[in-house]
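K.L.:
Chains A and B, in that order, are what the protein sequence lines are. Residue 552 is where the first sequence ends in this note's numbering, and the numbering goes up by one at each step. Residue 552 is where the second sequence ends in this note's numbering, and the numbering goes up by one at each step.
No lab work stands behind these hints: they were computed from the structure. Every residue, glycine too, gets a C-beta built ideally from N, C-alpha and C. Warning: the hint list may mix true and false statements.
Going by beta-carbon spacing under 10 Å, a handful of chain B positions derived as facing chain A [as the list claims (entries may be wrong)]:
#, residue
1, 97
2, 162
3, 194
4, 320
5, 461
6, 482
7, 486
8, 493
9, 497
10, 500
11, 502
12, 504
13, 524
With a cut-off of at most 16 Å between alpha-carbon atoms, the simulated EDC-like pairs for lysine to aspartate or glutamate come out as follows [claimed, not checked]:
#, chain 1, residue 1, chain 2, residue 2
14, A, 183, B, 439
15, A, 269, B, 548
16, B, 181, A, 439
17, B, 269, A, 152
18, B, 269, B, 320
19, A, 442, B, 206
20, A, 181, B, 439
21, B, 442, A, 439
There are 2 protein chains.
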Amino acid sequence: MTKRIDFQTDPSRYRHWRVAYAGGVATLFMNVDEKGGLFEGYELKLNSYDLGVDIELADAVQRMRFEHPEVKAVVLRSGKDNVFCAGANIRMLAGASHAHKVNFCKFTNETRNTFEAAGAESGQHYICAVKGACAGGGYEMALACDHIILADDGSSSVALPEVPLLAVLPGTGGLTRVTDKRKVRRDLADVFCTVEEGVKGKRAAEWRLVDEVVPRSKFDETVADRAKSIAARAPAKTGPGIALTPLARTFGDDGSVTYSTVEVSIDRKLGVAAVSISGPMEPPPADTGALHFEGAQTWMLRCARELDDAILHLRNNEFETGVIKFHSQGDPALLLAHERLLLENQENWLAKEILLYWKRVLKRIDLTSRSLVALAEPGSCFAGTLAEIMFAADRSYMAEGRFGGGNRPEAAIALTEANFGLYPMPNGLTRLQTRFLGEPGKVELAKAVLGTALGAKKAHSMGLVTFAFDDVDWDDEIRVFIEERASFSPDAMTGMEANLRFAGPETMESKIFGRLTAWQNWIFQRPNAAGEKGALKRYGSGLRGEYDMRRV
Amino acid sequence: MTKRIDFQTDPSRYRHWRVAYAGGVATLFMNVDEKGGLFEGYELKLNSYDLGVDIELADAVQRMRFEHPEVKAVVLRSGKDNVFCAGANIRMLAGASHAHKVNFCKFTNETRNTFEAAGAESGQHYICAVKGACAGGGYEMALACDHIILADDGSSSVALPEVPLLAVLPGTGGLTRVTDKRKVRRDLADVFCTVEEGVKGKRAAEWRLVDEVVPRSKFDETVADRAKSIAARAPAKTGPGIALTPLARTFGDDGSVTYSTVEVSIDRKLGVAAVSISGPMEPPPADTGALHFEGAQTWMLRCARELDDAILHLRNNEFETGVIKFHSQGDPALLLAHERLLLENQENWLAKEILLYWKRVLKRIDLTSRSLVALAEPGSCFAGTLAEIMFAADRSYMAEGRFGGGNRPEAAIALTEANFGLYPMPNGLTRLQTRFLGEPGKVELAKAVLGTALGAKKAHSMGLVTFAFDDVDWDDEIRVFIEERASFSPDAMTGMEANLRFAGPETMESKIFGRLTAWQNWIFQRPNAAGEKGALKRYGSGLRGEYDMRRV
Chain A
1 MTKRIDFQTD PSRYRHWRVA YAGGVATLFM NVDEKGGLFE GYELKLNSYD
51 LGVDIELADA VQRMRFEHPE VKAVVLRSGK DNVFCAGANI RMLAGASHAH
101 KVNFCKFTNE TRNTFEAAGA ESGQHYICAV KGACAGGGYE MALACDHIIL
151 ADDGSSSVAL PEVPLLAVLP GTGGLTRVTD KRKVRRDLAD VFCTVEEGVK
201 GKRAAEWRLV DEVVPRSKFD ETVADRAKSI AARAPAKTGP GIALTPLART
251 FGDDGSVTYS TVEVSIDRKL GVAAVSISGP MEPPPADTGA LHFEGAQTWM
301 LRCARELDDA ILHLRNNEFE TGVIKFHSQG DPALLLAHER LLLENQENWL
351 AKEILLYWKR VLKRIDLTSR SLVALAEPGS CFAGTLAEIM FAADRSYMAE
401 GRFGGGNRPE AAIALTEANF GLYPMPNGLT RLQTRFLGEP GKVELAKAVL
451 GTALGAKKAH SMGLVTFAFD DVDWDDEIRV FIEERASFSP DAMTGMEANL
501 RFAGPETMES KIFGRLTAWQ NWIFQRPNAA GEKGALKRYG SGLRGEYDMR
551 RV
Chain B
1 MTKRIDFQTD PSRYRHWRVA YAGGVATLFM NVDEKGGLFE GYELKLNSYD
51 LGVDIELADA VQRMRFEHPE VKAVVLRSGK DNVFCAGANI RMLAGASHAH
101 KVNFCKFTNE TRNTFEAAGA ESGQHYICAV KGACAGGGYE MALACDHIIL
151 ADDGSSSVAL PEVPLLAVLP GTGGLTRVTD KRKVRRDLAD VFCTVEEGVK
201 GKRAAEWRLV DEVVPRSKFD ETVADRAKSI AARAPAKTGP GIALTPLART
251 FGDDGSVTYS TVEVSIDRKL GVAAVSISGP MEPPPADTGA LHFEGAQTWM
301 LRCARELDDA ILHLRNNEFE TGVIKFHSQG DPALLLAHER LLLENQENWL
351 AKEILLYWKR VLKRIDLTSR SLVALAEPGS CFAGTLAEIM FAADRSYMAE
401 GRFGGGNRPE AAIALTEANF GLYPMPNGLT RLQTRFLGEP GKVELAKAVL
451 GTALGAKKAH SMGLVTFAFD DVDWDDEIRV FIEERASFSP DAMTGMEANL
501 RFAGPETMES KIFGRLTAWQ NWIFQRPNAA GEKGALKRYG SGLRGEYDMR
551 RV
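Excised from the complex, chain A in its bound form (with noise of 0.2 Å):
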């Protein structure tokens, strides 16, 4: 699996997803294409899905937000027959790479909260018709709808087969959405979880598995009703939506990137990534007239969508750079306009929507299994959006003065009120409450500085930033840094990295992450599963996987 795993498509590549857009209504069929796996080797067969499939989806749930702001209710279901999703497909998991596997994981993970969290946030509520056997996967997608039909037809179920078909757990947030999200009693969540042909008709209701079950019959009608009285409840949305056009970017032979407002060089002796970004040259626009006639092309927009994508491009393909150096350079206070004219007009649609991607984009980099460091030097711009990657950042480097003799303004950074509440992370709490845990106050003095430039003595002071150097120390204190970082097992890194990044109060998304992935991932490696006997590699085989019957 070598090929670059490439993160942007659009409905007119799509090969296993069609979207009908009807009023407010829109329905996403799933209809995979066996011969269109991302890799050679496997047939997605059964609407089995892989990374591509997934990509797509992620696609489709995102243009839902921007394109179509008119759409108030989702139907996810099945173009097939009679099946509705087989869950991931299995020989490409047997045969992925315990990395790729990883993040894969991952960015299903980051998909399903997508499309959970646009009810409350977007007026957009997904709603899953399951019609035919529900697996796996298939299942924890309908897991992450606000609301699962399945019809009643005796052979129609919905399972979690993994453990006893795979020795692997539900790896997309099965096992916390069961309990933390549907509540299902723990004892039939044991149950459920051990029959591999799942739970179907009245039953599923009682367990809490499905909101309602509905016979064949009545099954299209149900569906079309419940989603025609959840779109008459979300509040109507002025459209038109704005197209997500293709992004401008080129790859180089050496591991660059470039975009528009961001740059991705790769040190891979180094095993280092630097992703530059560069603030708005131009004002922001007017008004939110002007906003959406700038659409996609919208610094905040743009540099929000390069970013993201080079996040999972470095996530996805390039393994060997463990560490990420964030830098910035531009105008602050450009940078800031920008941002105030989304913060004063967040009853715009569009405004809004940019924010909550903004919120998507750092999460991302929060769930980053890399080193991430933030390195504000002379002409940096991170101040306010940009300002919350220092805090995403493991750690921050500022600089102190002027560096050599050079004409770049002294660093500063700036906070606003986009530091203060809109961008959670996963544990529910601002990064600056995350970081502030043991001294709230601090939090407080913050905010009492509001779109003031702080200096690297100032920023340090306040606990901002984790180091301030002058340009005497600055080369040889960030080359210590990336060599020591060099030297450490990369897993014990992302071991440790996922337990300091999210201190306090958990969410179920921080369950998923932090609890459900990490069970996973050490399943993963298990031979009982992994190995050349495991279940995994044996499946599909006749034979069923041979396991060591050592607890731990």
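Start from chain A and add chain B according to the hints.
P.N.:
Chain B in isolation, oriented as in the chain A frame:
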């Protein structure tokens, strides 16, 4: 490592710890005997520890509660001059099986939790007096104390060197307590956890890693002062303590263990252990005076100690028994009379301590990585405290009606106030609250039948048991369940159960066992740590670990 690990000890047999009592203050001296390792192949240098050392610590902590109720402050310090504690012994870890490592960490975690809770629960506050190097598991021991005093002498330090040195995580709650208890800023925590030599002096206090830093000249005086003032604040308890006399225990050649109230039998072919509890035969002590007189022999304490020992034995010596079946036999009314004496006399320290011990034993069951099933058969006594075992189990089966003409009374369960707050799970909720997370009204319904004997039909309809079967189906259903469980991958079971058992909120404790432990287990499997060229294996060889640099 095939010899039987014994969790029973007493001060006369300690090789590594010494306890000195002076009024309300106890001092726990750690002075590990290098030659006193539980297994061959390593020396416990520099106050490093293995499971044997921790078994003594757990015993000392436990005896403090029962034998020395007058103790209000416990000072934990080193009995060696220049080192506090170097943490878990690395050669032991490098040579241990995965299952031993994981269960070693689990037990040490439980012991840390026990003394961490002793302040709030029993008025026994732990103070850690750190002189010399305090690294890894040593610092994790300190983190579990209420107050950490560090000598400011240019050499004493606290450190978590696991990541840079061994490519594993601090596995005894270190990362979680750094971020969630001491609330160290996450970027400082990142620096701290990657600096092999740790942090000393004033910086350790500034970073919130310790509570105070004291010059060596004033160290002993300050420690004594703190202990005295803490002891003065805690409420006095009327002694004397009761002796925790040796357990009456017989091990059979077939793996069976016979205690006075608990019997363990093992079917190695099926991979099942049966734990059978016999309810009390005698009436309860008449009053608290009689309770003190009975001391360790009183049924409620005896059963708790025996059950605790049985669970630890199964966990650490019987890795291939993947299922634990819980049975009980006895007179529920008599059992509840014993319980009632404790419930009604919680102002009596001994009554209270016995209930607190049950809380710990039940949590130990929650955290046991085996499939747990409770079988309420005719003649069983799953009432009150013992009913909690049914709610701790992954599933429960209840017998309906009389069985095969036998004269044992029909199975019934009964709830008491013990089921509604006394025994929280690691997630902070009661087992019934967790069970009915989605239907909180059912907790109220259960409360409304306090003290009533509930037959199988009633208990099943109230959701208190998973299944109810009569004697026609009983044996078959249990057999099918056991066979099914034996056919599953033990790893998948462990991961699934760790996720399904703890719905709802998370606490520091549940984060340690659910999140930190899962990541550690993953890393313990990875070649970068545990492989032939991994850092853990190579430690002390002069060679660094060789790492696969791919991030996951």
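K.L.:
All hints are to be evaluated individually against the structure, with a verdict given for each.
P.N.:
Status of the hints after comparison with the structure:
Below 10 Å, beta-carbon pairs count as interface contacts, and residue 97 (chain B) has one with chain A at about 8 Å; its hint therefore holds. For residue 162 (chain B), the suggested interface contact is upheld, since its CB lies about 8 Å from the closest CB of chain A, less than 10 Å. This hint holds: residue 194 (chain B) has a C-beta 7 Å from the nearest C-beta of chain A, less than the 10 Å allowed. The criterion of a C-beta within 10 Å of any C-beta in chain A is met by residue 320 (chain B), whose closest approach is roughly 5 Å, and the hint holds.
At its closest, the beta carbon of residue 461 (chain B) sits 12 Å from a beta carbon of chain A; the interface hint therefore is violated under the 10 Å criterion. For residue 482 (chain B), the suggested interface contact is broken, since its CB lies about 12 Å from the closest CB of chain A, more than 10 Å. With 10 Å as the threshold, the beta carbon of residue 486 (chain B) comes within range of chain A, its nearest partner Cβ sitting at about 8 Å, so the hint holds. Because the beta carbon of residue 493 (chain B) sits about 7 Å from the nearest beta carbon in chain A, less than 10 Å, this interface hint is met.
A cut of 10 Å between beta carbons decides the hint on residue 497 (chain B): the least distance to chain A is about 8 Å, and the hint holds. The restraint placing residue 500 (chain B) at the interface with chain A holds, with a minimum CB-CB distance near 5 Å, inside the 10 Å limit. Satisfaction of the interface hint for residue 502 (chain B) is found here, the shortest Cβ-Cβ separation to chain A being roughly 8 Å, below the 10 Å cut-off. A least Cβ separation of about 7 Å between residue 504 (chain B) and chain A falls short of the 10 Å threshold, and the interface hint therefore holds.
Residue-level restraint check for residue 524 (chain B) holds (minimum Cβ-Cβ distance to chain A is 9 Å; threshold 10 Å). For the given pair, residue 183 (chain A) sits about 8 Å from residue 439 (chain B) by alpha-carbon distance, which is consistent with the 16 Å threshold. Distance hint between residue 269 (chain A) and residue 548 (chain B) is fulfilled; the C-alpha atoms sit about 14 Å from each other, no more than 16 Å. Pair hint residue 181 (chain B) plus residue 439 (chain A) holds up; C-alpha atoms about 12 Å apart against a cutoff of 16 Å.
At roughly 41 Å between alpha-carbon atoms, residue 269 (chain B) and residue 152 (chain A) are farther apart than 16 Å, so this suggested pair is violated. Restraint check for residue 269 (chain B) and residue 320 (chain B): satisfied, since their Cα atoms lie roughly 9 Å apart, inside the 16 Å limit. Restraint check for residue 442 (chain A) and residue 206 (chain B): satisfied, since their Cα atoms lie roughly 15 Å apart, inside the 16 Å limit. Note on residue 181 (chain A) and residue 439 (chain B): the hinted pairing holds, with a Cα-Cα distance of about 12 Å set against a maximum of 16 Å.
This hinted pair does not check out: residue 442 (chain B) and residue 439 (chain A) have alpha carbons roughly 40 Å apart, beyond 16 Å.
Checked against the numbered hints above, the structure violates hints 5, 6, 17, 21; every other hint is satisfied.
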